[in-house]
Every structure is written in C-alpha cells, then in structure tokens.
Amino acid sequence: MMIYWIDIIGTFTFAISGALAAWDKKMYHDLFGVFFTGFITAIGGGTLRDVTLGVHPIAWVKDAYYILAISTGVLLTIFFRKRLQQYRKSLLLFDTIGIGFYTILGVEKSLQFGVNPLAAVILGMMSAIFGGVIRDMMVNEIPLIFSRQIYATACLAGGVIFVLLRQLGVPENVNEIVGIITVISIRIISLKRGWSLPHLSRNS
Amino acid sequence: MMIYWIDIIGTFTFAISGALAAWDKKMYHDLFGVFFTGFITAIGGGTLRDVTLGVHPIAWVKDAYYILAISTGVLLTIFFRKRLQQYRKSLLLFDTIGIGFYTILGVEKSLQFGVNPLAAVILGMMSAIFGGVIRDMMVNEIPLIFSRQIYATACLAGGVIFVLLRQLGVPENVNEIVGIITVISIRIISLKRGWSLPHLSRNS
Amino acid sequence: MMIYWIDIIGTFTFAISGALAAWDKKMYHDLFGVFFTGFITAIGGGTLRDVTLGVHPIAWVKDAYYILAISTGVLLTIFFRKRLQQYRKSLLLFDTIGIGFYTILGVEKSLQFGVNPLAAVILGMMSAIFGGVIRDMMVNEIPLIFSRQIYATACLAGGVIFVLLRQLGVPENVNEIVGIITVISIRIISLKRGWSLPHLSRNS
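Protein chains in written order, with the working numbering: chain G, 396 to 599; chain D, 396 to 599; chain U, 396 to 599.
Take these hints with a grain of salt, some might be off.
[Said to hold, decoys possible] Cβ-to-Cβ under 10 Å is the rule here; a few derived chain U residues that face chain G:
| no. | residue |
| --- | --- |
| 1 | G428 |
| 2 | D445 |
| 3 | G449 |
| 4 | L506 |
| 5 | F508 |
| 6 | E567 |
Simulated from the structure, these hints should not be mistaken for laboratory data. C-beta: ideal position from N, C-alpha, C; glycine also.
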C-alpha cells in the first residue's frame, strides 16, 4: 500500500518538475507542450523500470490515478505559475523530491522481481533519473546527471542504504522513509555546499 | 483482419515519410541512411506501443510483411524522388496519413489489452507521434509535435471520438474509419487555415 | 554456453568503448560520467534486443556477472588511460569487436525466439549498433552509423552469412566464429581502405 503512494507522489512531483521546465522555455508555451513535458517526465523512469523488469501492463496504462496525478501536477503548475517565479529553484526542489521517492520505489520493485541487489540499486537510480534526463533533453538543457553535481550519486547512496538496512531486517516502512530522506538530504546538502564529484584529469 | 491492414498501411506510410525526411538532408544521402530512417520511423511508434502493453513478440519481428511494407515504401520513395520535388508537402501528407491510421490502431489495441480508455487515447496518440519524433530528431528538425501546430491534438481528438462511438455501440469498422478520417481532416484543415494552439503567456 | 561468453565479451568490450568515448570529452571527466557512459553503451543494445523479443528479466538485472564485466572494463580503461593515448583508434577497435560479437549474439537469440530470419538479421544489427548510437549521442558526436562508412552494413553482412550457414547445417560454434570474423574483418578492411557506401545524389 505504502509503495503505491510512493509511486503516486513521485509521479505527481515529476509532473510538476516537467511542467516547470517546459514553462521556462518559450518554445513550450502552449498547453500541449507543458502537458506533454510533464507527462513524459512523470512516466519516463517508471516505464523504463517496468519494461526492464517485464511488468505488464505498466502502471499508468492500468490505473487511471496516475494520469490524474500527472494532470493535477501540471494544472497546479499552470495555476500557481506566478508564485513559482524562481523556476530554477522550484524545479530543483520538485526534481529532488521525485528522485528520492523513485529511487527507493525502483529498488524495492526490482528486489520483488528477484533482481540481484547490485542491479536493483542501479535500476532504482536509473528509474529515478531517466524522466529528468528526457525532460532536460526536451528543453535543450544539459541533463542534470552530467552537471558534475552530486545527483545520481545521491540516488546510489540512498539505494545502497535501503538494501543494507533490508538485509539487517529493518521494517520495510522505516527502511523506505530512511532511504527517501537519505537521497533528498544528500542532494540538498550538496547543492547548498556546492559539493561536486572528483575531477579525473586526463594526465594524472 | 481490418486492424492488420490499418497497421500495414500505417507502417508503409511512415516508411515513406521517414525516407523523404532523410532524403531532404545531405548527411543521409546514402542508401543505408534513407533505409534506416524509413525503418525507424515506421516501427518506432508500434514498438513503443507493444512494449508498453507487453505484446510479444512485436509485430515486425514476427511477421515478415511489415519489413516488406517498409522496404516497398523506401524503394518507391527513392524511385519517385524526382516527382516528389516538394519534399516538405509530401512529407506532411504521408505523415498525416500515418498518424491517422496509427492513432486508431493504438487506441484499439490498447483497449483489447484491458487498458483504461483515458490511457488508451494517450497511448494511441503516443504510438502515432513517436516514430515521427525520432525521425525529426534524426534529421535535426524540431519535432512537429512542438511546432505549435494542431498535431498531437488531432490524434487526441480522433482517439476520443473513437472511444465515445465505441461506448455508443457503433460497429467497429465504421468507428475505425470515422476515427481515422477525424485525425486526418483536423490535421489537414488546421494546416490549411494555419490554426495553432493557444499561447500561454508567462505573465498572463 | 558459448553464447553466454559471447555476451559477456561483447558487454565488456562495449563498456571499454563507452568509457573511452566519455574520457575523450572534458564534460565527462568525472568518475560517474565515465562509468555511466560505459554502462549505457554496454547494456543499450542488449536491452533493446531483449525488450523487443520479450525476454524477462533482462540479462544484466538477473546475472551480476554482466555488471562485473562492465565495471572491469571501465576500471581497466581508467587505469590504462595513459597507454590508450590514441583514443580514437582504441575506440574504433573496441567498438568493432563489440559489434562483431553482438551482431551474431542478437541474430542467434532472435532465431531462438522464433523470429523470422530477415527480422533476426535486422534485430542483430540493431542490438549491435544501438549502444554505440547512444554513446555517440551522449558525447555529442555524429553517430558512427551515419558517417557513410561501412558500419551497420558489416553487421548486416555478418548476420546474413550466419543465417545462410545455419540453413546449410554448419555446426553452431563454427557458424558463430565465422559470423563474428565476417563483421570484424569487413569493418576493419573498409576502415583501412576508406570504403564508403554509394552516395545517392538528389538529381541523379
């Protein structure tokens, strides 16, 4: 049950981040562009995850609440666009919440399908970042994952902690919350402090 | 049976539109480039649809007639390239026929697999536009769906009408033809009259 | 058994080619960028193939040795980067070995799943080139397949020879080796001699 709500909240949050990104670009200033970018951002990662795992039919084609969550997210973005003046900050916030929820959801679903823990962590990370990669490519931004910020690394860290706590027998609900908070807080702290990944010089 | 022919005609038409787009760009002026672009345009949307629905194996790997339809489309394009001087107009025509057939096919197949009607319309639209999105990205054009023209909106309208008529018990064959004509005529009329989607200004 | 090793060697080789490509671009000079590009290059083609065929779960999420092969390839690339000064030549070499192994693997797997021989050859080619297409797009190069060199054509030739020898009853192991050598040698010879595909002029 809780895994269902994690999915809905992640989907809703990614829809907002997609709509915000489209909003920030003049070429997407029509209703379709904003909806479409929100939609693709919201379903991208989950679709990749489910297709890789062989889950059918994929959640959003089976259960109409996903499309409802996406539509609500996009409409709220359009409605409150004046208050979201600082697009970039809002975008980063909603993207961060989205990757937190989707990482843990992805790891958990993968483990349920008998995937090995190492691949489960990678698949969790990929499902979390993929929607945003498409979003950034659609609005012609360099994807956040290649910005040398702590981004995918935060997902990996949260996924590893989730898998380790699970091995130690920590209750699933506690485990989920700890995992989500780990991803979000690593991402926020590293953004505030300007942390980045070590640079590998070509001649070192 | 009719659904099979809708698929073959859509595939054939998209292959022509892909080959035409490749033809219009110097970098694709070799046989492989023209064939490959035609092929990807033709199978892109259907593959996305079948993978999302969990249909296996996908039509074109099971049934050799799809590859035959694609090859015929590409070869006809190469053969008649002198008569298709106005690449852009021909491209728009074949693309329009393609999205008409693929929208209705996608909605119908999705409903057969128990998808909810709302998701079926969206999946129908996505299967119709996806091949063209890849085609336009391959030849470095801004995808038609982002051109503020009535494009994906025409697919959505046709899909909605198909679903509504179906609920009303209209015979499947009539329903299919009405749906296809709806998509194609909305697209053509809006192109001729220069209709576009409402622009959402940032400060309104 | 041999098919498993063909897959592991192809995966390992593509991981090196991906890591080398990332290395050659300044924007990827962090550990995550090099690993991620190696990973996506290595799994891209096989994932596309398995998703199209409906194989679940996909090899790399089931069997941890794939991720091990990728990690080894990337780490070896980082470790020996000084000796691989001529990035471009090394990249072409490892990419060539990769497409050789993956073409034959893709054709063989497709035939096992009852795909028609024509589609099997195309799917073998696509699984061989897809990882490299994503790799080249990620590092902002024009994909090798569009460079007018003999590239995808070498894969097609190897796939056709594999299918023909199989019809003639040649033992599977001999057949696999002949197919792989065909792809690799056509690619290397055409690179050395500067062969390219015929150019289709617009006005001819």
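Hint-by-hint comparison with the structure:
no., hint, result
1, G428, "holds (6 Å)"
2, D445, "holds (9 Å)"
3, G449, "holds (8 Å)"
4, L506, "violated (21 Å)"
5, F508, "violated (14 Å)"
6, E567, "violated (27 Å)"
Consistency note: the structure conflicts with the earlier hints numbered 4, 5 and 6.
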